[in-house]
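There are 4 protein chains.
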Amino acid sequence: MNGWVGYITNQSVINMQTTTISSDTPVGNKRERRKEARPGELLDAALNLFVNKGYSATKVEDVAASAGVSKGTLFLYFPSKEDLFKAVIRANLAEHFPTWNQEFEEFQGSTSEMLEYALVSWWQRIGSTDASGITKLVMSEANNFPEVVQFYDQEVIRPGHALFKRILQRGIDCGEFATFDAEQAVHSLVSAILYVNMWKHSLACNALQNSLSPETFLRNHAYLLAQGWRRT
Amino acid sequence: MNGWVGYITNQSVINMQTTTISSDTPVGNKRERRKEARPGELLDAALNLFVNKGYSATKVEDVAASAGVSKGTLFLYFPSKEDLFKAVIRANLAEHFPTWNQEFEEFQGSTSEMLEYALVSWWQRIGSTDASGITKLVMSEANNFPEVVQFYDQEVIRPGHALFKRILQRGIDCGEFATFDAEQAVHSLVSAILYVNMWKHSLACNALQNSLSPETFLRNHAYLLAQGWRRT
Amino acid sequence: MNGWVGYITNQSVINMQTTTISSDTPVGNKRERRKEARPGELLDAALNLFVNKGYSATKVEDVAASAGVSKGTLFLYFPSKEDLFKAVIRANLAEHFPTWNQEFEEFQGSTSEMLEYALVSWWQRIGSTDASGITKLVMSEANNFPEVVQFYDQEVIRPGHALFKRILQRGIDCGEFATFDAEQAVHSLVSAILYVNMWKHSLACNALQNSLSPETFLRNHAYLLAQGWRRT
Amino acid sequence: MNGWVGYITNQSVINMQTTTISSDTPVGNKRERRKEARPGELLDAALNLFVNKGYSATKVEDVAASAGVSKGTLFLYFPSKEDLFKAVIRANLAEHFPTWNQEFEEFQGSTSEMLEYALVSWWQRIGSTDASGITKLVMSEANNFPEVVQFYDQEVIRPGHALFKRILQRGIDCGEFATFDAEQAVHSLVSAILYVNMWKHSLACNALQNSLSPETFLRNHAYLLAQGWRRT
DNA sequence: GATGAATGAGTGTTCATTCAT
DNA sequence: AATGAATGAACACTCATTCAT
Numbered sequence: 001m002n003g004w005v006g007y008i009t010n011q012s013v014i015n016m017q018t019t020t021i022s023s024d025t026p027v028g029n030k031r032e033r034r035k036e037a038r039p040g041e042l043l044d045a046a047l048n049l050f051v052n053k054g055y056s057a058t059k060v061e062d063v064a065a066s067a068g069v070s071k072g073t074l075f076l077y078f079p080s081k082e083d084l085f086k087a088v089i090r091a092n093l094a095e096h097f098p099t100w101n102q103e104f105e106e107f108q109g110s111t112s113e114m115l116e117y118a119l120v121s122w123w124q125r126i127g128s129t130d131a132s133g134i135t136k137l138v139m140s141e142a143n144n145f146p147e148v149v150q151f152y153d154q155e156v157i158r159p160g161h162a163l164f165k166r167i168l169q170r171g172i173d174c175g176e177f178a179t180f181d182a183e184q185a186v187h188s189l190v191s192a193i194l195y196v197n198m199w200k201h202s203l204a205c206n207a208l209q210n211s212l213s214p215e216t217f218l219r220n221h222a223y224l225l226a227q228g229w230r231r232t
Numbered sequence: 001m002n003g004w005v006g007y008i009t010n011q012s013v014i015n016m017q018t019t020t021i022s023s024d025t026p027v028g029n030k031r032e033r034r035k036e037a038r039p040g041e042l043l044d045a046a047l048n049l050f051v052n053k054g055y056s057a058t059k060v061e062d063v064a065a066s067a068g069v070s071k072g073t074l075f076l077y078f079p080s081k082e083d084l085f086k087a088v089i090r091a092n093l094a095e096h097f098p099t100w101n102q103e104f105e106e107f108q109g110s111t112s113e114m115l116e117y118a119l120v121s122w123w124q125r126i127g128s129t130d131a132s133g134i135t136k137l138v139m140s141e142a143n144n145f146p147e148v149v150q151f152y153d154q155e156v157i158r159p160g161h162a163l164f165k166r167i168l169q170r171g172i173d174c175g176e177f178a179t180f181d182a183e184q185a186v187h188s189l190v191s192a193i194l195y196v197n198m199w200k201h202s203l204a205c206n207a208l209q210n211s212l213s214p215e216t217f218l219r220n221h222a223y224l225l226a227q228g229w230r231r232t
Numbered sequence: 001m002n003g004w005v006g007y008i009t010n011q012s013v014i015n016m017q018t019t020t021i022s023s024d025t026p027v028g029n030k031r032e033r034r035k036e037a038r039p040g041e042l043l044d045a046a047l048n049l050f051v052n053k054g055y056s057a058t059k060v061e062d063v064a065a066s067a068g069v070s071k072g073t074l075f076l077y078f079p080s081k082e083d084l085f086k087a088v089i090r091a092n093l094a095e096h097f098p099t100w101n102q103e104f105e106e107f108q109g110s111t112s113e114m115l116e117y118a119l120v121s122w123w124q125r126i127g128s129t130d131a132s133g134i135t136k137l138v139m140s141e142a143n144n145f146p147e148v149v150q151f152y153d154q155e156v157i158r159p160g161h162a163l164f165k166r167i168l169q170r171g172i173d174c175g176e177f178a179t180f181d182a183e184q185a186v187h188s189l190v191s192a193i194l195y196v197n198m199w200k201h202s203l204a205c206n207a208l209q210n211s212l213s214p215e216t217f218l219r220n221h222a223y224l225l226a227q228g229w230r231r232t
Numbered sequence: 001m002n003g004w005v006g007y008i009t010n011q012s013v014i015n016m017q018t019t020t021i022s023s024d025t026p027v028g029n030k031r032e033r034r035k036e037a038r039p040g041e042l043l044d045a046a047l048n049l050f051v052n053k054g055y056s057a058t059k060v061e062d063v064a065a066s067a068g069v070s071k072g073t074l075f076l077y078f079p080s081k082e083d084l085f086k087a088v089i090r091a092n093l094a095e096h097f098p099t100w101n102q103e104f105e106e107f108q109g110s111t112s113e114m115l116e117y118a119l120v121s122w123w124q125r126i127g128s129t130d131a132s133g134i135t136k137l138v139m140s141e142a143n144n145f146p147e148v149v150q151f152y153d154q155e156v157i158r159p160g161h162a163l164f165k166r167i168l169q170r171g172i173d174c175g176e177f178a179t180f181d182a183e184q185a186v187h188s189l190v191s192a193i194l195y196v197n198m199w200k201h202s203l204a205c206n207a208l209q210n211s212l213s214p215e216t217f218l219r220n221h222a223y224l225l226a227q228g229w230r231r232t
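Note that the protein sequences, when read in sequence, are chains R, D, B and A. Position 225, counted from 1, in the first sequence is what our numbering calls 225; the numbers after and before it change by one each time, with no gaps. Position 122, counted from 1, in the second sequence is what our numbering calls 122; the numbers after and before it change by one each time, with no gaps. Position 101, counted from 1, in the third sequence is what our numbering calls 101; the numbers after and before it change by one each time, with no gaps. Position 221, counted from 1, in the fourth sequence is what our numbering calls 221; the numbers after and before it change by one each time, with no gaps.
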């Protein structure tokens, strides 16, 4: 479930941590364990609701209820709904690019194949899961939360862009692709990811919805671009 | 507020028309002329505010005030805020299709050139103007206003999709392109438009912002895809 | 259509008057005749809408439209909606008690029969027509228009009460009824009229609605009371 | 605001209860006690304002203020103004039926006496209090709130009708009354109640007002009808 | 006189936030 | 720390009334 647009359930993070601790020390009572888990549970609940219902359509009370606490408790941990939103985004932008970068290093095969692999596995690991909702959220609320855009840019856009650029450069360097401006070319790849994302999250109850098969589209898109870039 | 070439504020359209008429016939009374101009003025104001402040953050009273009328007057022309939204979509996006379809019919040149022309002139006429903000708006508010999505789908997505498909089919039919599934291929084209759109409207206050030159990107994208589709 | 709770369409009043005039003078053009008829047409339209939709649910624009004029014109004749309401009530409280009083004088038969005749013919002439809506209107808006209650009292309640009292007194005087307080007894008669009226106008779309057959009920009620009053 | 015998303001009911409890158990915190009292206080305030100013003329904010809370608090207990209306009906009229039905079961005496008792005690418990204004209210707003009429029908008219019918049937069964259609006869009884009601609430500022002594009228009316129904 | 475009005060309802307990 | 009752600012929409034409 983790990947480029990093996602990790807060709960599991917290629980792992808690478990680790509890193996060494005598188990605290349930109350205390819950107390430590609170913020994480709230972030999880908030992510889920924000993604599925939208930021403004989500009531803080729903988030609290979904996390099993009262409205007042939420405000104990997050001073405002806006802060909760920022925390949700921040918490879900874990850096998992190291993994992806490593896969890049170890990849055997042509760069064309690597491109296809990159797009398709984005879909399988991120796009098809709730994690892709983060991007939708950031885009939708961009006007209201410029800060959020800032750290999304830092944590996701730039690393992603850099990785794609390295892939393209590999193709150029090894002579598979012609020489071209990799910096610009990255956008053509990323556009497909954004497209699938918005299609999924904004055009949900839509007749045309089914006219797009994400995986096939991404595969075709990668192939098509690789064709265009190939040394002729 | 006017774009490079084709985007004309509703107001100016009306005014041009009125001016033309008034040169031949005695001018109608001021009250009537205003009545004809009102919807256009309101649509202009609404587009501007919706795009710059967001749909929900814009109060109908602001729109009215910005158009120089009172709240009540707005409701004289548009039954609800949501209808105003739809009217903005129609006036700024949907209305262009007849022209575009005609341009397609009359286009002289290769299909590759036509693709480039289509994407670049989208940028010049829509992308670079406030009108492009509408798409961002629809995506952002998709969860809250499913009916608007429906409307956007019907009035913009479908006609746009159909037009691109006809362009691709032209390329296939005249032997310039290989035979492929035009229906699916359209998505690769549209993804570039959406990408530029979101880049402009959601990543506005962003350092990377300048790393994308919309017109160059679109030109490259069109070229690249055409390369990939070309009969080998 | 006229009767105790007097009702006469304004239009016919006006028309009669107009006709009378026009038989002596050359007929004015249609415009002028309409002009004179305006207030009456408005009152008719208002009565109809007020009765069927209620006072506040009726928009002045609807009244105007229903009378075939514009909103502005209505305000030319009636300074406000409230004034229109008062005018409607006043115009429809014509005194038709003379007719009813005469019928009383000429009535052949027992007082019991007369009571039955009075209630049943109220239903036939008033209750079953739109005219009965006036009473509903007055009752409903009593709080907001105390004046209206005043002249309804003067024009309808008092004359009606007086007439019923004379009927009862006739029964007492001729020995058909025992001696009792006719003044108070009237209320028992009138209660049936009010009851049918409210049942009709306030419990319209109601399942129990059909459980009341107005004419039968009134007949029974009259019979029952006469039984009670009869000298034993 | 309290009536002769049975009408108890919601507040006092609650307070009595609270007092009783608090004599045995330590008092709950102030916040909680208020929470229990709130609905009653709001219902009292609403009844008072609705009856005296009319339903639409009463702003929810007025009701809240009159109960000493803010607008938002009212919506914590009643989902809408219409629901508040229904709750007022239930608390002040519908709630009485269990008691009344029980009194019917336990009543010792002739059916004639029971009829008189029923009408007179209606006056003492309801008619002479603000609660009687509800019927007037429902009648007045019938056109605007059909759902309220539905509710009133279900909760008040039907139970009331059923109760009166049982009383009449008792008289028929035990041979005190002749055999007749009890279903229809009920209307003659109810008409007196409605009459007194409308007289009180719609003809308030009226000279004739004093010509009706409710209790005497109801007593006479019951007697008169019983006479008519009596086996001859 | 007649029109109808324009007005703007008025109100039910929501929901993030506070704070006494 | 946790609760949840209370708050009140915010906002779309209606409609009687006005007045320029």
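No wet-lab data here; the hints were simulated from the structure. Be aware that a few hints might be false.
Claimed, not checked - Which chain D residues face chain R? A few, computed with CB under 7 angstroms, are given here:
| # | residue |
| --- | --- |
| 1 | Gly54 |
| 2 | Gly68 |
| 3 | Gln102 |
| 4 | Asn144 |
| 5 | Val148 |
| 6 | Ser191 |
| 7 | Ala192 |
| 8 | His221 |
Think of the CB as a built atom: it goes at the ideal place given N, C-alpha and C, for glycine as much as any other residue.
Evaluated hints:
no., hint, verdict
1, Gly54, "holds (5 angstroms)"
2, Gly68, "violated (25 angstroms)"
3, Gln102, "violated (24 angstroms)"
4, Asn144, "holds (6 angstroms)"
5, Val148, "violated (11 angstroms)"
6, Ser191, "holds (4 angstroms)"
7, Ala192, "holds (5 angstroms)"
8, His221, "holds (5 angstroms)"
The structure fails to meet hints 2, 3 and 5 from the earlier list, while all remaining hints are met.
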